[in-house]
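Start from the sequences, fold in the hints, and give me the full structure.
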Amino acid sequence: MTICPDQLWKALHHVWPSAKLPALPDLPQQLSLRTDSRALAAGDVFVAVPGSQRDGREYIEQALAKGASLVLAHTKDSDIGLEERVLFLPHLSLRLGELGRALFDVPRGLEVIAVTGTNGKSSVTHYVAELSEQLGTQAGVIGTLGVGRPGKLLESGLTTPGPLALQATLGELARQGVKRVALE
Numbered sequence: 015m016t017i018c019p020d021q022l023w024k025a026l027h028h029v030w031p032s033a034k035l036p037a038l039p040d041l042p043q044q045l046s047l048r049t050d051s052r053a054l055a056a057g058d059v060f061v062a063v064p065g066s067q068r069d070g071r072e073y074i075e076q077a078l079a080k081g082a083s084l085v086l087a088h089t090k091d092s093d094i095g096l097e098e099r100v101l102f103l104p105h106l107s108l109r110l111g112e113l114g115r116a117l118f119d120v121p122r123g124l125e126v127i128a129v130t131g132t133n134g135k136s137s138v139t140h141y142v143a144e145l146s147e148q149l150g151t152q153a154g155v156i157g158t159l160g161v162g163r164p165g166k167l168l169e170s171g172l173t174t175p176g177p178l179a180l181q182a183t184l185g186e187l188a189r190q191g192v193k194r195v196a197l198e
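With the numbering used here applied, the sequence shown covers 15 to 198.
Hints are computed from structural coordinates only; laboratory data are not their basis. Remember, predicted model here, so these are calculated numbers, not experimental data. Be a bit skeptical, because a hint or two may be false.
Claimed, not checked - DSS-like, lysine-lysine: derived pairs with alpha carbons at most 30 Å apart:
1. Lys-24 <-> Lys-34
2. Lys-135 <-> Lys-90
3. Lys-80 <-> Lys-34
As the list claims (entries may be wrong) - What follows is a set of in silico ranges between Cβ atoms, one per label pair, in the way DEER data are often shown:
4. Gln-152 <-> Thr-130: 37 to 43 Å
5. Cys-18 <-> Asp-69: 24 to 30 Å
6. His-105 <-> Lys-24: 18 to 24 Å
7. Gly-150 <-> Gln-44: 21 to 27 Å
8. Gly-111 <-> Glu-144: 23 to 29 Å
9. Lys-24 <-> Val-126: 19 to 25 Å
10. Lys-193 <-> Thr-132: 25 to 31 Å
11. Gly-150 <-> Glu-75: 49 to 55 Å
12. His-27 <-> Glu-75: 24 to 30 Å
A virtual CB, placed ideally from N, CA and C, is assigned to each residue, including glycine.
In structure tokens:
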């Protein structure tokens, strides 16, 4: 998930339009967004939000020590604030999908069909994608067996990616002409 600083700035303004955003520190021209501090490299942007098992905000100091160029941190406060290289954003954890949609240019008209349950999700998502293709709608799949167009899947490593990775994947599929995505 690589972006440029201008994309990040525009997306932040899109998600928090009435907020007075502080000037961002000097950032590298290519930014990688990371939600896992273990995968962080110098220059990356660390996204620190509460998770189901851990709170990413516990790793802010570690991310800064590793050379994160910026940290986007969830706060329950309504005010946006910048301390050192940490940008505190109101309710970031709830707005990650919206931020990702803005960052990765996911079109509003992209149809997403989500399939849940214990058994059969992979089969159903592939049936949906293949039937869509047969009916003339370019389709993609995101799930256990991979990501991409039917018959051309790439391994993803996760059944369902996190909000930012999901939006990046949806944006990439849309750029490939996909109009409908079946998601596990």
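Comparing the hints with the structure gives:
no. : hint                            : verdict
1   : Lys-24 <-> Lys-34               : holds, 13 Å
2   : Lys-135 <-> Lys-90              : violated, 35 Å
3   : Lys-80 <-> Lys-34               : holds, 28 Å
4   : Gln-152 <-> Thr-130: 37 to 43 Å : violated, 24 Å
5   : Cys-18 <-> Asp-69: 24 to 30 Å   : holds, 29 Å
6   : His-105 <-> Lys-24: 18 to 24 Å  : holds, 19 Å
7   : Gly-150 <-> Gln-44: 21 to 27 Å  : violated, 37 Å
8   : Gly-111 <-> Glu-144: 23 to 29 Å : holds, 27 Å
9   : Lys-24 <-> Val-126: 19 to 25 Å  : holds, 23 Å
10  : Lys-193 <-> Thr-132: 25 to 31 Å : holds, 29 Å
11  : Gly-150 <-> Glu-75: 49 to 55 Å  : holds, 53 Å
12  : His-27 <-> Glu-75: 24 to 30 Å   : holds, 28 Å
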